[in-house]
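Protein sequences, first through last, are from chains A and B.
Letter 263 of the first sequence, counting from 1, is numbered 263 in my numbering, and no numbers are missing.
Take any residue in the second sequence, note its place counting from 1, add 275, and you have its number in my numbering.
Hints may contain errors.
Claimed, not checked - Covered stretches of chain B, as calculated for chain A (at least 3 residues, CB under 8 angstroms):
1) 315-321
2) 397-406
3) 454-461
4) 495-506
5) 518-524
6) 557-564
Unchecked claim - If you only want the chain A side, here are some residues facing chain B, beta carbon under 8 angstroms, derived:
7) Phe-34
8) Met-37
9) Gly-39
10) Gly-69
11) Lys-100
12) Phe-101
13) Pro-112
14) Glu-121
15) Gln-125
16) Ile-184
17) Glu-204
Please keep in mind that the hints were generated in silico from the structure rather than gathered at the bench.
Because the structure is a prediction, the values reported are computed rather than measured.
Note that CB positions come from ideal geometry on N, CA and C, so glycine has one too.
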Amino acid sequence: MSMNNITPWKKMEIIRHKNRPTIRDYLPMIFEDFYEMHGDRLYGDDGAIIGGIGRLRGMPVTIIAEVKGRDLNENKQSNFAMPHPEGYRKALRLAKQAEKFKRPVICFIDTPGAFCGIEAEKRGQGEAIARNLFEFMTLKTPVVSVVLGEGGSGGALALGVCDELGMLSNSIYSVISPRGFASILWKDASREKEACNIMKITAEDLTELQICDAIIEESEGGAHNDPMMTAENIEEFLVKTLKEKMQIDIDVLLNQRYTKFRKIGEFEESAAAEE
Amino acid sequence: MLEDLFNVVTTRFNSVVKDDKDKKESKSTVDIPKDLFFKCPRCSSVVVSEDLDNNLGVCPDCGYHSRISAVRRLAMVADKESFIEYDKDMISKNPIDFPEYEEKQAKLREQTGLKDAVITGECTIRGRKCVIGIMDSRYMMASMGSVVGEKLTRAFEKATEKRLPIVLFTASGGARMQEGMVSLMQMAKTSGAAARHSEAGLLYITVMTDPTTGGVTASFASLGDIIIAEPKVLIGFAGRRVIEGTIKQRLPEDFQSAEFLLEHGFVDMIVDRKSMRKTLSHLISLHTDNVEVKDR
């Protein structure tokens with residue numbers, strides 16, 4: 001683990017690097033014949049989540065990804081990777097389609113969080129995320145998720161109910177941004193760095209908490225230094241994982257998926273625990 | 276009517292002053308117990324707490340259904356002595372070693388008599404058996420950490436196993452930050468348990484109470500087959516201040532109210548406290564009675 005001794009805050013800096021590769025960089029490096037599919041068939045098309053069909057070393061797969069922009073123009077299109085409800089509903093539509101055609105689903109997580117705004121509330125941001133958690137848990141096809149950079153809260157989890165979660169070695173996955181954490185719990189947003197370091201949001205921390213299943217190594221100093229090499233590692237992880245998951249009987253796989261989340265939580269229950 | 280209200284206030288106020296004088300004669304300033312009055316967060320009316328209490332916790336002026344304890348809620352809904360509690364001794368640990376989390380919990384347990392932010396169990400409602408879960412906003416704004424997640428998941432699993440309907444009264448500020456990612460995962464865990472209960476063909480009714488927000492709105496609360504809301508309560512995903520900060524403008528008064536959600540198609544019905552018990556029992560019986568169409 002070459003990245004082991006990097007502090008969480010340093011990782012934050014790496015994933016915020018302006019040349020940090022996004023799914024748009026990785027797509028052509030990992031997949032062939034990618035066809036993008038648009039729209040949720042209910043309201044519109046959300047630029048913060050792209051989805052479609054492609055091939056992973058020949059095998060047809062459904063790809064769903066949160067998209068960070070590489071410049072202002074792209075960010076305007078993708079709303080800085082903060083999805084609206086129609087983005088999550090598009091994701092669900094494509095996942096259901098994958099289930100029908102027995103293709104595995106690959107989700108890429110890279111978002112500061114679901115968008116917080118009037119329109120998002122009117123169209124049911126909470127319901128859209130909840131529905132994805134509910135439906136992905138029982139989706140009858142393998143699902144693999146990869147956190148590319150930032151996995152922000154429910155907006156990330158909506159693409160994170162999966163059979164196996166991989167995280168790039170500098171990526172983070174958190175219940176709220178460190179800034180939000182500091183602001184809510186300490187009423188002081190400037191303690192962001194301190195929050196970042198105690199929140200347990202790195203791939204190593206989350207492996208320990210049994211949330212992350214695999215750490216995917218980035219190139220030395222961060223994925224921006226060698227996107228191609230990082231893409232190869234992602235591809236390797238996907239191929240290895242899917243080969244394994246495609247073998248498993250679907251009912252067994254669904255039980256394993258349920259258990260993966262079912263077992264998370266730390267509590268005690270003896271009556272004497274109180275005294 | 277307003278005058279009556281003031282009279283009551285004055286009478287109460289005087290009696291407090293008098294009581295206090297009886298106790299400590301020399302005291303010159305009087306502490307008014309802060310729970311003597313209730314200021315309605317919706318219409319800003321000031322109501323004597325006792326009157327609010329006698330009105331089931333509903334603001335007499337605007338109908339806002341204020342926050343009430345889980346124990347009181349249970350008494351309003353369940354048949355007397357029908358409740359059998361599940362997992363009543365479960366308490367949380369400190370998964371990310373958040374400073375002073377244990378101390379805060381211990382203090383809250385003492386203050387509220389609760390072990391965490393939800394009580395679960397089974398009961399009958401006008402004779403109809405169901406699994407029930409009630410969140411209590413007095414406990415860390417009923418945020419969802421390991422205990423809330425585990426107890427609700429077990430409640431769904433019990434309901435699935437016993438083939439019972441489940442009724443959840445939701446209230447929450449969202450995921451419990453102090454438990455970090457472990458709290459976020461409770462969203463997936465509870466939603467998964469709800470999905471299995473649903474796949475078994477069983478009924479899940481959500482009753483959204485004040486406030487139902489954040490990660491709870493974005494998980495099990497929004498997944499009921501039937502979603503009921505109490506009048507005037509706050510329901511939403513993002514916090515009001517967060518949205519105002521993002522869009523740099525003030526939000527309309529009724530934004531994220533039960534009525535707003537009804538208008539936008541995210542709740543089935545708004546039901547007041549007076550009618551809740553009856554409504555729930557009817558809805559349950561519509562799903563559990565196996566009666567063929569009658570001949571004339």
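Cross-check of the supplied hints:
Coverage of the region 315-321 of chain B by chain A is violated in this model, with 0 residues showing a Cβ closer than 8 angstroms to a Cβ of that chain against a need of three. Residues of the region 397-406 of chain B with a Cβ under 8 angstroms from some Cβ of chain A number 0, which does not satisfy the need for three, so the listed coverage is violated. Only residues whose C-beta sits within less than 8 angstroms of a C-beta in chain A count toward coverage, and the region 454-461 of chain B has 8 of them, enough to reach three; the restraint holds. For the region 495-506 of chain B, the stated coverage by chain A holds: 4 residues have a C-beta nearer than 8 angstroms to a C-beta of that chain, and at least 3 were required.
Closer than 8 angstroms: that is the beta-carbon criterion, and the region 518-524 of chain B has 3 residues meeting it against chain A, so the requirement of 3 holds. Requiring three or more residues with a Cβ within less than 8 angstroms of a Cβ of chain A, the coverage given for the region 557-564 of chain B is violated, as only 0 such residues are present. Hint on Phe-34/A is violated. Least Cβ distance to chain B is approximately 28 angstroms, over the 8 angstroms limit. Hint on Met-37/A is violated. Least Cβ distance to chain B is approximately 25 angstroms, over the 8 angstroms limit.
The beta carbon of Gly-39/A comes no nearer than 19 angstroms to any beta carbon in chain B, farther than 8 angstroms, and the hint placing it at the interface is violated. About 17 angstroms separates the beta-carbon of Gly-69/A from the nearest beta-carbon of chain B, more than 8 angstroms, and the hint is not met. Annotation: Lys-100/A was flagged as interfacial toward chain B, and the flag is violated, the nearest CB pair being 18 angstroms apart, outside 8 angstroms. Interface restraint check: Phe-101/A against chain B, minimum CB-CB distance 22 angstroms, threshold 8 angstroms, status violated.
Hint status for Pro-112/A relative to chain B: violated, with the closest Cβ pair at about 11 angstroms, above 8 angstroms. Look at Glu-121/A: its Cβ gets to within about 6 angstroms of chain B, closer than 8 angstroms, so that hint holds up. Taking 8 angstroms as the C-beta contact cut-off toward chain B, the hint placing Gln-125/A at the interface holds, the least distance being around 4 angstroms. Evaluation of the Ile-184/A hint against chain B yields a held restraint, the C-beta minimum of about 6 angstroms falling below 8 angstroms.
Interface hint status for Glu-204/A: violated, as the beta-carbon distance to the closest one in chain B is roughly 13 angstroms, over 8 angstroms.
When each numbered hint is compared with the structure, violations occur for hints 1, 2, 6, 7, 8, 9, 10, 11, 12, 13, 17.
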